[in-house]
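From first to last, the protein sequence lines stand for chains Z and F.
According to my numbering, the first sequence is numbered sequentially starting from 426.
According to my numbering, the second sequence is numbered sequentially starting from 30.
Just so you know, not all the hints are guaranteed correct.
As the list claims (entries may be wrong) - To give an idea of the chain Z side of the interface with chain F (calculated C-beta under 7 Å), a few residues:
#1 VAL558
#2 GLU559
#3 GLY561
#4 GLY564
#5 ALA568
#6 LYS674
#7 TYR675
#8 SER676
#9 GLU679
#10 ILE681
#11 MET696
#12 ALA700
#13 VAL701
#14 PRO713
#15 ASN717
No lab work stands behind these hints: they were computed from the structure.
Each residue gets a CB set at the ideal place from its N, CA and C atoms; glycine is no exception.
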Amino acid sequence: MIKTIVNIISIVTIFVMANMAFAGQTVSTPTRIVSLAPSITEILFAMGLGDNIVGVTSFCDQPEAAKAKKKIGGMSNPSLEAVVLLKPDIVVMTTDGNPKEFELRLRTLNIRTYVFTARRIKELPKGIRELGVELGARGKANALAQEIEIALSKSGSRGKEHGDRGQGSGGSRVVKNPELFTPLEVGRVVPPRILTGQAPHSELNKTKVLFIVWPEPLIVAGRKTAMDDAITLLGYQNIASGAKSTYPKYSLEEVIRQAPDVICIGKGSGMDMRAVSQGILKRLKTVPAVKNGKICYLSDSLYRLGPRVIEGIEELAECLK
Amino acid sequence: MSHIKLIILILASLLIFSCALFLGPTIIFPFNLSETERTILFQIRLPRVIVAMLMGMALGAAGAVLQGILRNPLADPYILGISSGASLTAALGIIGGMSFLGSFTVPVLAFIGAVITGGIVGMLGWKRGGLWPERLLLAGVGLSFLFSALLMLMMSLSTDEGLRRAMLWLFGDLSLSEWSRIPYGLIFVVVGIVVSATRAKALNALILGDEFAHSLGFSPQRERSILFLSVGLLTAASVSLGGMIGFIGLLIPHIMRFFMGGDSRMLIPASAIGGGALLCIADLVSRSVLSPMELPAGVVTAIIGAPYFLYLLRRKDVLSV
C-alpha cells in the first residue's frame with residue numbers, strides 16, 4: 426500500500442519537474458517588444474519583427490516605420506513608467522548607452538529583460554544570433570547574422586589583399602563562429618570566416634585614415650569604435666587609434682604631424698557637414714588628405730551597431746579606394 | 030618697489046609664454062623649422078597661446094575689479110550671471126547645431142548672451158540713480174540660477190553627442206583658437222583692461238566705502254557703472270574666446286594680493302598678467318599630459334591653481350579685499 430503511494434508520488438513529482446524544465450524554454454516570439462536603442466530597433470526590424478515592437482526611444486528613426494511607434498524616452502534616460510504602461514513581453518536594451526540600473530529596476534518589476542552586449546562589429550553577428558535565440562526567432566536572426574558575416578568577410582578579404590599588396594602575406598587570425606549548427610538548420614549554414622586583423626608587420630604601407638565625428642571641436646573615432654573596426658577591416662590604418670578613449674577630443678597638431686592620406690567626416694544629425702567642416706579643413710590644409718582632395722562625407726551608418734554597418738563599410742570602402 | 034615686482038612678473042610671464050609656445054605636446058626648437066613644424070607653430074600654437082594669454086588677462090583683471098566694486102572677496106566674473114547667460118546661448122548654438130557665421134557662430138552667440146545678461150543684471154542693480162553692490166550680487170545670483178536651470182533643461186533634452194560637445198565647450202576649449210578671432214578678442218580685452226587700470230584710483234576709493242570715495246572727489250555711482258561695464262566687456266570677451274574657465278577670476282587676485290598688496294593700481298595689472306600666465310601653463314598641461322587627447326583647460330586651471338592658493342592661504346594671513 427505504502428509502496429504504491431510512494432511510487433505514485435515519485436512519478437507525479439518527476440512529471441511535474443519535467444514539465445517545469447520544459448516550460449522554462451521560450452518557444453514563441455514575444456508579441457510586445459520594447460527597444461531601448463536605435464541600433465536594436467533597426468536589428469529587430471531587419472529580423473522581420475517590426476510589427477512586434479510596441480515601444481522605441483525618441484531617437485529611433487530608422488527604418489521609417491519606427492518613427493510611428495510609441496516613444497518611451499531617450500537612451501540614457503528612458504521612462505520606466507512609459508515602458509511599464511506598454512505591458513511589454515520583453516525589453517531589449519544594450520550595454521552601450523542605456524543606464525545599467527534600468528535593467529535592475531525592470532527585473533524588480535518582473536519585466537523580462539534582455540541585454541544586448543555586442544559593442545564591436547565583429548561581435549555583432551554573434552549578438553544577433555543570441556538575440557534570435559532569446560526571441561524565438563532563430564531563423565531570421567541567423568539569416569541576418571549570416572548576411573553581415575558574408576559582407577564582413579568580403580570586405581575583410583579585400584582588406585587583406587590591400588594589406589598584402591606591399592608586403593608578404595602575413596598570417597591573419599581566423600575566427601570560426603561557434604554557434605554554427607542548430608538542430609533545425611542542418612545543411613543550411615555555411616561556416617563563415619571572419620578576418621579579425623592583419624599581421625603586425627603590415628603597418629608600414631597602409632594608407633592613413635582619420636575619421637572625424639565632429640570638426641569643431643575636433644572629435645575623432647579612436648580605438649574600440651565601429652569606425653576603427655571598419656577601417657582596420659578594410660586594411661587601412663586609423664591614425665587616432667593610439668588615443669586612450671573611444672571618441673577623444675583630438676589635438677590638431679597631432680593630425681598635422683600624422684599627415685593622414687584620407688579624411689572621412691561622419692554625418693551629425695541634421696547637419697550640413699560640408700559647411701561646419703570648412704573651418705577645420707582650412708586649418709588642416711597642409712595635410713595630404715586636404716591637399717589631394719581626399720575628403721569623404723559619409724552617412725551615419727557606422728554610428729549604430731546594426732544592419733546598416735554593412736552599408737557603412739561599403740561607403741568607407743568606396744571612399745578609401 | 031612694487032614696480033620692480035611688476036616688472037619681474039612681466040618677465041616671468043614672457044618666459045611662461047615662450048615655454049607654452051615651444052614645449053607643447055612635443056618640443057619644437059625655433060631654429061631649423063620644417064614645414065610641418067612651421068605650420069604647427071604659427072597656425073596652431075601661437076594663436077592658441079595668445080588667446081590663452083588674452084583670456085587669462087581678461088579674467089584676472091575682471092576678478093580684481095569686481096572684488097573691489099562689490100567689496101566681496103568671493104566675487105568672481107561669473108557671479109554676475111554673465112557666464113550662465115553666455116553658456117546658455119552658446120549651448121543653444123552648439124546643441125542646436127547652428128552655424129550661420131561658420132566658426133564664429135558659437136563665440137558670437139556667447140558674446141551676445143554675456144552682453145544681454147550683463148545688461149539685465151545692470152538694470153536690476155540700478156536703483157535711485159546708481160548701481161548698488163548688494164543689488165548687483167543678488168540680481169546676478171538670481172539670474173545665474175535661472176539660466177543654469179535653462180541650460181540643464183536643454184542639456185537633458187539633447188542627444189548624447191550634442192551634450193558632449195556642449196560640455197567640452199563649457200569646461201573651456203582653447204583648441205578652436207585661430208588668428209581670425211584674435212583681433213576681436215584683442216580689442217575688447219585691451220579696452221577693458223585699460224579702462225579698469227586708468228580708474229584704479231577710483232576703485233581704491235570705492236573699496237573704502239561710498240562716503241569715503243565721495244569725500245575724495247569721486248562720484249561713486251559713476252565710477253561703479255564704468256567699472257561694471259568694463260568687467261562685463263572683459264568677461265564677455267573671455268567667454269566668447271574659449272568657454273568658461275573658472276578659478277582665475279576668483280583666486281588670481283587673491284594670490285596677487287599676497288605678493289603685491291591691495292593697491293588696485295598694482296593689483297589690476299598684476300592680476301591680468303598672473304591670470305594670463307596661469308592659463309598659458311594650464312593650456313600647456315592640458316594639451317600635453319594625455320596627448321594626443323586634449324583635456325578641458327578650465328579643469329586643469331583649477332587643479333593647478335587651487336592647491337597653490339590653499340598653500341598660500343596656510344602660509345599667509347590676509348584674505349580681504
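Numbers of the earlier hints that this structure fails to satisfy, in rising order:
1, 2, 3, 4, 5, 14 and 15
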